[in-house]
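**Student:** Sequence:
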Amino acid sequence: MPTMTESPHDSRSKLLDAALYVIRAKGYSAARVEDVCEAAGLTKGSFFHHFASKEDLALAAAEHFSAFAESIFSVAPYHFLADPLDRLLGYVDFRKAILQGELPEYTCLLGTMVQETYETHPAIRKACDRCIGAHAATLVGDIEAAVEKYGLSPEWTVESLAYYMQSVIQGSFILAKAQQSSLVASDCLDHLHRYLQLLFTCRNSRDRTQPQPATQIS
1 MPTMTESPHD SRSKLLDAAL YVIRAKGYSA ARVEDVCEAA GLTKGSFFHH FASKEDLALA
61 AAEHFSAFAE SIFSVAPYHF LADPLDRLLG YVDFRKAILQ GELPEYTCLL GTMVQETYET
121 HPAIRKACDR CIGAHAATLV GDIEAAVEKY GLSPEWTVES LAYYMQSVIQ GSFILAKAQQ
181 SSLVASDCLD HLHRYLQLLF TCRNSRDRTQ PQPATQIS
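Those letters in the sequence shown? Residues 1 to 218, per UniProt numbering, in order.
One or more hints might be untrue.
Quick list of in silico lysine-lysine cross-link-like pairs, DSS-like style, CA-CA up to 27 Å [what the hints assert, rightly or not]:
{"#": "1", "residue 1": "Lys96", "residue 2": "Lys26"}
{"#": "2", "residue 1": "Lys177", "residue 2": "Lys26"}
{"#": "3", "residue 1": "Lys149", "residue 2": "Lys44"}
{"#": "4", "residue 1": "Lys126", "residue 2": "Lys54"}
{"#": "5", "residue 1": "Lys54", "residue 2": "Lys149"}
{"#": "6", "residue 1": "Lys149", "residue 2": "Lys177"}
{"#": "7", "residue 1": "Lys44", "residue 2": "Lys54"}
{"#": "8", "residue 1": "Lys14", "residue 2": "Lys54"}
{"#": "9", "residue 1": "Lys96", "residue 2": "Lys177"}
{"#": "10", "residue 1": "Lys26", "residue 2": "Lys14"}
{"#": "11", "residue 1": "Lys44", "residue 2": "Lys26"}
{"#": "12", "residue 1": "Lys149", "residue 2": "Lys96"}
{"#": "13", "residue 1": "Lys14", "residue 2": "Lys149"}
{"#": "14", "residue 1": "Lys126", "residue 2": "Lys26"}
{"#": "15", "residue 1": "Lys177", "residue 2": "Lys126"}
{"#": "16", "residue 1": "Lys26", "residue 2": "Lys54"}
No lab work stands behind these hints: they were computed from the structure.
Required output: the full structure, derived from the provided sequences and hints.
**Tutor:** Here is the structure:
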């Protein structure tokens, strides 16, 4: 339970912060309540004062992680760039810049949990989907503005491009885990940067959004 000098809010926040690291390090299935309590420096009594179960913690952790990410990305310097494409490229560059520290410190809690729980814990899956979608939605305005500025008439939707960007990022985290290195993730983000630049600035890119018929040789 919380001490005399520790408010219930403080102990809950400590448990959530600990959950972000422990789940990203061990995965949802392997992460135990005891592991989270140890990382937070709190007792199981304190844990169950705030959360009914590990799943309850995971649901709160998804929202906690999303709010933490929003606090970082909402004030990132790329927002102050005038050109919407520069803002999108700046977002990718910012993503690359924060590939720092150990794997659990920069990989995504949402992607980690949903890979394990998408069939077994529907509430967690829905929470992860909602939070990933909310972050993708923050890119839609800049994508719309870039489409207009660069005169594209694509068949794809701005929402689908926002999700594509997230898929590259999530995939880069998986590769970083497999190779135990952020270098492969950094390379993936470099490719995403180049792809966006070509998509919006390559000559006749509007025509290239549609398959072109093969030229017949007479």
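**Student:** Next step is simple, just say for each hint if it's right about the structure.
**Tutor:** These are the hints, each one checked on the structure:
no.: 1; hint: Lys96 <-> Lys26; result: holds, 23 Å
no.: 2; hint: Lys177 <-> Lys26; result: holds, 12 Å
no.: 3; hint: Lys149 <-> Lys44; result: violated, 55 Å
no.: 4; hint: Lys126 <-> Lys54; result: holds, 16 Å
no.: 5; hint: Lys54 <-> Lys149; result: violated, 47 Å
no.: 6; hint: Lys149 <-> Lys177; result: violated, 38 Å
no.: 7; hint: Lys44 <-> Lys54; result: holds, 11 Å
no.: 8; hint: Lys14 <-> Lys54; result: holds, 15 Å
no.: 9; hint: Lys96 <-> Lys177; result: holds, 16 Å
no.: 10; hint: Lys26 <-> Lys14; result: holds, 18 Å
no.: 11; hint: Lys44 <-> Lys26; result: holds, 19 Å
no.: 12; hint: Lys149 <-> Lys96; result: holds, 25 Å
no.: 13; hint: Lys14 <-> Lys149; result: violated, 45 Å
no.: 14; hint: Lys126 <-> Lys26; result: holds, 21 Å
no.: 15; hint: Lys177 <-> Lys126; result: holds, 24 Å
no.: 16; hint: Lys26 <-> Lys54; result: holds, 14 Å
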